[in-house]
Each structure stands twice: as C-alpha cells, then as structure tokens.
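Chains as they are written, first to last, in the UniProt record's numbering: chain A, 1 to 294; chain B, 1 to 294; chain C, 1 to 294; chain D, 1 to 294.
In short, the hints are calculated from the structure, not lab data. Heads up, a few of these hints could be off.
For chains that are exact copies, the list does not tell them apart, and a pair is met inside one copy or across any two.
Stated by the list, open to error - Using 20 Å as the maximum straight-line C-alpha spacing, the simulated SDA-like pairs for lysine to any residue come out as follows:
1) Lys96 <-> Asn5
2) Lys214 <-> Glu233
3) Lys162 <-> Met127
4) Lys214 <-> Thr231
5) Lys232 <-> Glu217
6) Lys214 <-> Arg282
7) Lys214 <-> Asp235
8) Lys232 <-> Arg218
9) Lys214 <-> Pro204
Predicted model only: the values in this text are computed from it and were never measured.
There are 4 protein chains.
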Amino acid sequence: MTVHNEALRDHACLIVHGPDRPGIVAAVTALVTRNHGNILSLDQYSENADGGAFFQRVVFQRADLTAAIPEIEADLAATLDEFGMQWSLTDQSVPKRMAILASTSDHCLLELLWRHRRGELPVTIPMVISNHTNTADDVRAFGIPFFHVPSQGPDKSDAEAKILELLTGNVDFIVLARYMQIISEDFLDAVGVPVINIHHSFLPAFIGAAPYRKAKERGVKLIGATSHYVTKELDEGPIIEQDVARVNHAMTAADLQARGAYVERAVLSRAVQWHAEDRVIRHGNQTIVFTDRP
Amino acid sequence: MTVHNEALRDHACLIVHGPDRPGIVAAVTALVTRNHGNILSLDQYSENADGGAFFQRVVFQRADLTAAIPEIEADLAATLDEFGMQWSLTDQSVPKRMAILASTSDHCLLELLWRHRRGELPVTIPMVISNHTNTADDVRAFGIPFFHVPSQGPDKSDAEAKILELLTGNVDFIVLARYMQIISEDFLDAVGVPVINIHHSFLPAFIGAAPYRKAKERGVKLIGATSHYVTKELDEGPIIEQDVARVNHAMTAADLQARGAYVERAVLSRAVQWHAEDRVIRHGNQTIVFTDRP
Amino acid sequence: MTVHNEALRDHACLIVHGPDRPGIVAAVTALVTRNHGNILSLDQYSENADGGAFFQRVVFQRADLTAAIPEIEADLAATLDEFGMQWSLTDQSVPKRMAILASTSDHCLLELLWRHRRGELPVTIPMVISNHTNTADDVRAFGIPFFHVPSQGPDKSDAEAKILELLTGNVDFIVLARYMQIISEDFLDAVGVPVINIHHSFLPAFIGAAPYRKAKERGVKLIGATSHYVTKELDEGPIIEQDVARVNHAMTAADLQARGAYVERAVLSRAVQWHAEDRVIRHGNQTIVFTDRP
Amino acid sequence: MTVHNEALRDHACLIVHGPDRPGIVAAVTALVTRNHGNILSLDQYSENADGGAFFQRVVFQRADLTAAIPEIEADLAATLDEFGMQWSLTDQSVPKRMAILASTSDHCLLELLWRHRRGELPVTIPMVISNHTNTADDVRAFGIPFFHVPSQGPDKSDAEAKILELLTGNVDFIVLARYMQIISEDFLDAVGVPVINIHHSFLPAFIGAAPYRKAKERGVKLIGATSHYVTKELDEGPIIEQDVARVNHAMTAADLQARGAYVERAVLSRAVQWHAEDRVIRHGNQTIVFTDRP
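This is chain A alone, in the form it adopts within the complex (with noise of 0.2 Å):
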C-alpha cells in the first residue's frame, strides 16, 4: 500500500529538459493548462539561447491526479517526444523510497533518521544496511528495519550481491551515510536507482588519508562537505550541494573533524530532501537544483 501524505494530494511535479527550442515554456504550461492543472510554481532553466539544454519543473494541482495521470503523460508524449525531450511526471504525495547504507559512524545516518521522524523529509525509509551492528538497535527504535552485511572478506561482490537482493525493487533511490566503501561499476549499473553520496571538502582540497590532520596542519580557516550523485568516478559525480563552516587556530584535529560532521549532516540533509522533492535535475556533470531556499 503506497503511503499518502495528504496535504500534497493531487499535487504533480513535471519535470522537463532537453534541447531549447522557441516556445518550449509556453508548449508546456499550455500542455498544463488544457489537463486542467493550476501551476502552483514553475522553474525554468535555459543554458543559452543558442542550442543548450532547457530545463523546467512544474508543479501543479490537478483534481483527481491519480485518474488523469496517463492522459497527462499521453499528451507529454504526444507534445514533447518528437522534440527529444525528456519528462517524468511524478505524483507529489506518494513519497520516494530511501535506502540508506551506512557504517560504524553514526551522525548522518541518525540526523537523516531524525528528520525523517520530524516530518521534514518527504520519504519513506524502508531499510537501513550497514556493514556494523553498532547502529542496529538506534536504528530499530525508529521503527525502521536495519540489515546487517559484512562487507569484510576477499571479495566485496558477495556483500554487494547480498545488498542488491535487499535492494532490488524496493527503493527509489539510496543514500550513503559515510558508508565508506567505494561501490563497484557493477553494482551502479544493477541497482538502478540514484545513489547519493557525502563527503567532506576543503579549500584547498587534502588528497587521501587522514584530511583533518591536514586541514589543522595547513591551519585552514574553512572546511566543508560535498553532497553528489554517485558515478563511476568516485567523488567526481554531479554536486548537489557544498557547504562550510568556519573554524579556526584553537580547534584540534578532533574539533574540526567534528564542526565537519555537522556540515555533513546539513548538507546531506538538504540534498536528500531537494531530491525527494525532485528538484534536482542531472546534466551531464552537473545538476540543475531548483531549490527552495529564500
């Protein structure tokens, strides 16, 4: 049975991009209009008047949405197909199922959990995987099933075989809490669903082990963390969002790995949520992400 949040009944988000090409924004509110939707708001994103990609997010209301949603898409196909261009209509009350893969450290996976039970995440989480125990019983009183996969041993595809199994089918998309372990091409291309991933970041970057011992030896004034879609070359997919926070000469190494779990939290967070709300677009490299902020 699926989950309904009711206030956002009868709520679509459409999303187009493609080729720019004149009159696409007016093709599109129209295609709207005359399936009787009221355009609750409308993000529109042109790379450049010559022959870039477009980009729009509408969201409209549309009585009895559940009913009229294949004539809706009929009528998208029919208006944007010939054009190449891509669109997903996606009911906005029917929240997206999140996996989350975690490890022994604990502070996005509880942070995500805990906005989830505050009713600032629009998502259900059906299960937690983590390759330790320690979060199993934190994890539980949240009500939410947690599996345990090792991800020890010679060979890490009989761990991610067995993710996989619990995976497939069941989720709309994952997130990697500091799961820690990099995820094989393999397993990219058979789950299917966006994977996305945290990590800290720092001005100027600190390649390999132990980055905070850096960061204090170089006495950074900033450091920060990098929310993006999980790709084939690890850390490098597109970038949702980045923040930082100041720290300074009197914090430790330990401080400052601290002060960066908490903007690892926010912005995984805000990540998680803008694409729950599915405000943000792939392109290429990058993403275009329609956010709400004020």
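On the provided structure of chain A, position chains B, C and D as indicated by the hints.
Positioned in the frame of chain A, the structure of chains B, C and D alone reads:
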C-alpha cells in the same frame, strides 16, 4: 539621449500581476512566444489557488525589441486587461534613472555611488540632493550633479517644492540614503515615482531616539537594517530587504552603529538593485521579490 | 554519585567579575599560577577603564583538582573578597544538572534531548516536566524521567508548588523549552537557579497573539529567535543569544512558523551550551558571553 | 613625521610567543601591570600543555606610552628572552605603512583604497605600484602616489629591483592585490617585510588556468577566496582568512568570477585589517588569528 546597456540589448522584462485565474501562466507564456520572445527566465507566485493574487516576471529576448514594443503592448492589453491584470513591459537595456536624497551621513550614499561606478547597479544617477553640503565634493568626484536644498526653516514645504522641481520628469525612482527628513504625503503624491528608504532594525525594536544606545543597554546580539518603499505611514511601507549582523558585549554603542552602517549599506544596495531590475512587485503592504540570490 | 566527564578531568573554570581595578588580570593569573594551575584559555572584558565592571573567565588544568578546590577557594576569598569581586570556581568534569519544562510543542525539547544524547551538551538531564503528556514516550525513550504537572485550574500556584518540589535540590538550571506558561515571581525566588527561555523575535517586533500571521501580513524577510534568562519582567531578561533565518513572500504563516522553530532550536541549544560551560556572565540586564564561536 | 590615530593614543599591543611553560600568562600580565599598563584585551592560545607553543596578545593602555616604551622593552627582554620567547611591542596609535602591488584588475585594489578612505583600515598607504597604468588615475584620486613598473621583458629581476628601490624603508607590509606576478625568493628575502596575497579557492580545487570555467563545468555550488602570507612556496603560505559565496547552475563562468571578486575583496580586507592590528601571529605554516569577530 537614452543610455543603453549593450549586454542587455533586446532583453525585455514583463511583469504581470492581478487576480489569479486558471491558465494565466500559459496565457502569458503563449503571448511571449507568439511575439517571438525567447524566455530567459520566469518567476511566478500564486498567493493561493482560490481567488488570491498572481504575480509573474518573465525576462525574454526579442530581436528588434524597441520596434516591437508597441505591438507587444497592444497584445498585452488585448490579452490581460479584460481579466483585470496589471502589466508592465520594460526594455532592460535602458537603465532606470535614480535620484539620491542624502544628509550629512555618507555611508549609504557613497556605497551606492561606488557600486554604480563599478557597474554593479543597473541605473543612471542624474542627481544627488542633500540638505547639507559636506558630501558635495565626493559626489561630484563621481561625475554626478549635486544639489544643495537646505531643510531648515519653519516650513519644510519650501524645501520639498525645490526638490520636486529638480526631480520632476528626471527620475524613475528615488532613494533616501539616510536622508533623515520626514517626507510629506503631498510630496509623495506629487513626485509620482517609487521612493526607497533604509533604516536600522533591532530585535526587539527600540522606539525613539538613540536606538543604538538602547540596543547596547539591552545587550542585543544582533543588529539589523530594513529597506522599504516609503508610504504615508512612516517606516511602515512594504519591506524589500532586511539583514542583520552579529554583535557582542565588547562593542560600544558607537561600534554597534558602525556595524549597523555596514548592514544598511548592504541591505539598501540589494533593495536598489532588485528594484532597478524589476524584481520587486508591490502588493498591498507586502512585496513579492523574485531575487537572484543563489 | 556525581557523573564525571573524563576528558575534562582536572579542568577548572574560574569566573571573576566586579569593579575594575589596576592589575586585576595579573592578580587573577598569579593566583592560578601559585595554585599550580596551567591556564588553558583566558577571556577578559573591561567595561571601561574608569570605574566600569570587569569580567574574566579562566580555564585551567590542575592535578588533583578535587582535593585542591578548598585551598584554591580560600586563596580566591583572601585575594578577591576585599575588592568586592565576585568569583566562582567550577570543576568542568562535573556536568550541570538541567531540568527541562515543556508543553505540547516538542521541537525545542527534542532538540535538547537529541544533542545531549549525541554528547554535544555537557549536562545531565534529571527530569523533563510538562503540563501535557504528549511527549512522555519520547522523553522516556531517551532514558530520562518525565513528570506530568498540569497547569490548568483557577490557581497556577498549585502546579508551581508541585514543580518546585520536583526541582528543589535536584537541578542547577532550568530550561523553558516552549513551556508557554508565565513563571511567577515567587517561583523564581523559590527555585533559586537560573532559568533560560526561548522566544521568537522579529524585525519589527509583533506584539501579542499570532505573531507569525502578523509577520506574514507585514511581509518580513527575516524571522528570528532570542534566548534569555528569565526575570520578573516577562521576556525582558538578559539576552544570551539571538539568530535569524531568511524567509520570503512564497512562505505561508505556517512556513514562517516552521522556519522559526528551526531558529529557536539552534538558538536555545547554543544558549544552553554556553550556560553549561560557564561562558555567560550576567551583568544587570545584559550578558557577557565568552563564546567559542570561531 | 609619524601619523597618529588619536583614538588609540597610549594603546600598546604586546605579542608574545614561544615555548609554553607554567606561569607564562601570569608572568606577562604581571609585567604589564608593573609597567603601569591597564589591560584592555587579552587573547591567549596554548598549542598543548606538554611542550607546545604559546601565543599571547595583550592590548593595554599606558600613560605616556611613547616615553615608556624603552623601559617596557627592557623589562620584556629581561623577563622573556631567557625562556626563548619572542615578543614585539607596538604603539597602536602609529598605523602600519602598507604598499599595494596591483595589475590590471582593480577590484581588490579599489576595495582597499575605499576602506582606507572611510577610516576602516588602520594603515597609511605610501604607494601603489602596478605593472599596468590603467588604475593610475583612480589611485591618485585618493591622494595616493602611483608608480608604474612594467613586468614585461625577458628578465623580471629588473622590475623587482625597481620595486625594491621604491619599497625599501618605506613600508611595513605589502599587499598583492591581484598582482598576478610570481614573487621571487630573492625579492622576498630582500624586502624583509610581510607580503599578503589573495587568490580564489574552490572545493574541490581546480589546478591551472581558467579555474572559473572549470568550476562552472564541474557545477560547484560554492566559490571562495584565501588570503595568506607569501612564502617561497607559491600560494602555499600561512592562511590568514578564507570565505566562500554560494553560486548556482544559472550563473555563467563570468558570473562566478564576478561573485569570486566580491569574496576576494572581503577576504583580503579582513586579512589586511587583522594584520594591521597585530592580530595575526605566524607559526610555521599556520597562523594564530585573534580576530575581533563577534
């Protein structure tokens, strides 16, 4: 002769607002399209679905805009007037003419002149009027005419009459850059263009004289500034922008005032820029501000 | 049995304040040194050189601190009492005992419990008292005692008497986490420990009921929160911390309230932390706050 | 003739740093006291209790400071030299002399001149040197000498020699305001005063040419700037200050660069102010910065 910003040649900004009705976004975008406009950005806000007000800002590119404006305006009138919608169409390459009224305090005045000089404010500044002469040399060093209109005397209507004479027909909006004089209702009616003011703001508010001393005595941790349109209710007009800065116990009342001056400069500059870019729509005692804040 | 924070073993915090006089900083640091203290941090503030007040916070490490406290206190009394200086010496490894008074609204309550659970607040929480029962399960899930003391009835003194009974001797300070009841002067006198409150703040202020609706109608661009010590003047006590969040025209009064709840959580948490770390010194209706903000 | 800031008359700033040892804070404060100094502010930082470095900044008021400096310095030498402590004593009413080296880009240069003009930077500016002439009129309009030293040619040592001639004996520190030339090791040795630089920073870093284009292609959400002391390692010297600004998908590479210029101006200004106020202590490749940020 009209000054043109070549980078914005053939860019038009269309503002539409009025009672919401089904299909209004589609109607406006269709109008832009049939007038050969290429939509560059679109912001839209519906107060509420049932009978609230609707606001839209569309920036579009249209070859030979200057020549086409009359026919686009005719189409706008034919399409929108019957529904009681208000609209305005502006050529973004023509900067608005901004007069500044100032007094002895120079921080807001010089900030505006300085940003203008750096090309950061899309306006021309035909004149600065002050009731003191201390900033005359500074203003003229920027190549801008300075007029001295003293406000002393039993009757301020003389001063206002002189100011009106200078302004009438020459400016599109007026900025009170710490002008410190109460503007009469008659002046507002006669001048007929928007007037933007800046004043300090606190949490909580401190009424009357010496607000920084009171803020110091109260031990506030934030001081702020508010920029708004001037209406007959002093300091009660529609708010355009607000911001705050952090202060602490070690700062004197003079330090608070200096910090407050920084906030005033930043807040007024943003308000002026957004007004000049037609990003602010007045709606009763509120504003809709389609900012470009990322 | 006293709970100890091992990381802060043998760390003492000395607060000195009173009339400024030449050589006071040297006298206090000499005292710490002759008592074998190793100064870890030192903050100091002189209101003004001529007869103002002086404030100092010194954190020092001293082997066998517990055993040494009586002799250090004797030295403090001998050195400072004759000059009318007030002082307090606390063992930082002993967390303060914090009671929380709450009502139906849970955002501030749960934020404090959650941060405490993560080890981010150096306090123990011997009890939560609420005039409603809706948060009982949540509180007890954190392993913290919950007491229900209804505040209905013609006479609130009964409820206050029961609360006093629960608190007396058991707590070092009290936090009103959206308690929404006016605290009587008698209660404040009787309870004898600091009481910290949180409330929303706006620029400008909105007096009376439904402040978020008024803020929406006024079109404010910022909403804020203030945390302060409770005194006999309602909401007028010494301010500890304030902050704001940006809002815009598209947010409903309910959105403003939700955003306001975030600010309240953050502001109250910082105020509580700084109080618990002896970083806040009251001085008339002001506070000196030696923050650790980088 | 030395320029004096009357508001800081008789204010001294004492910086002490070196190996930590018990009682050092008490020893320094006792020294100030016995030399009739009234401590106005005191900042202190101990790297760690066991053999780390110690840093202290004391600002004190002392009647007839100018006359007393030799005897205070004698006391400092007698008290601190034997422990291997370094110290410096400066009269805060004497502003430091700051030279600016610039190139075609004027945003950092003009920001410094502008802030100086407004009394916000406690320095004098004896000269601006540029390898181009485009800013000459602007600089001279501020009443500041401008020298043109071209850097073209096969051998840059000629240019550096001319710059050295202009600077030697005339300045207390140098600011590279987007100077864009690599400073030779020989020049750094010969000039003998601190050199402060500003450059853009990103998360992640983008090496080499056209960093803003690369940042755009990577879709970053933040761009930043770093100000640091120049050492033999290009852009690797001790960091004084860093900050970032938010950007989004709709901004072009040129927009990012414009936004970056804002951040550079703010970061460099703060670094210069803190250096000028003796708030920055170099320690290996790090800095201790006792900021006045509230």
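Hint by hint, here is what the structure shows:
1. In the homo-oligomer, the alpha carbons of lysine 96 and asparagine 5 lie at most 20 Å apart inside one protomer (11 Å), although the nearest pairing across protomers, at 42 Å, exceeds that limit.
2. Proximity of lysine 214 and glutamate 233 under a CA criterion of 20 Å is satisfied inter-copy only: 17 Å between copies versus 24 Å inside one chain copy.
3. In this assembly of identical chains, lysine 162 and methionine 127 lie within 20 Å of each other by CA distance solely inside one copy; the values are 14 Å within and 44 Å between copies.
4. Only between protomers do lysine 214 and threonine 231 lie at most 20 Å apart by alpha-carbon distance; the minimum there is 19 Å, versus 27 Å within a single protomer.
5. For the homomeric pair lysine 232 and glutamate 217, the shortest alpha-carbon distance between copies (18 Å) is at most 20 Å, but the shortest distance inside one copy (32 Å) is not.
6. In the homo-oligomer, the alpha carbons of lysine 214 and arginine 282 lie at most 20 Å apart only across protomers (18 Å), although the nearest pairing inside one protomer, at 33 Å, exceeds that limit.
7. For the homomeric pair lysine 214 and aspartate 235, the shortest alpha-carbon distances inside one copy (19 Å) and between copies (16 Å) are both at most 20 Å.
8. Taking identical chains as interchangeable, the C-alpha atoms of lysine 232 and arginine 218 lie at most 20 Å apart only when they sit on different chains, with a minimum of 15 Å there against 31 Å within one chain.
9. Within a single copy, lysine 214 and proline 204 get their C-alpha atoms as close as 10 Å, and across copies as close as 15 Å, so both meet the 20 Å cut-off.
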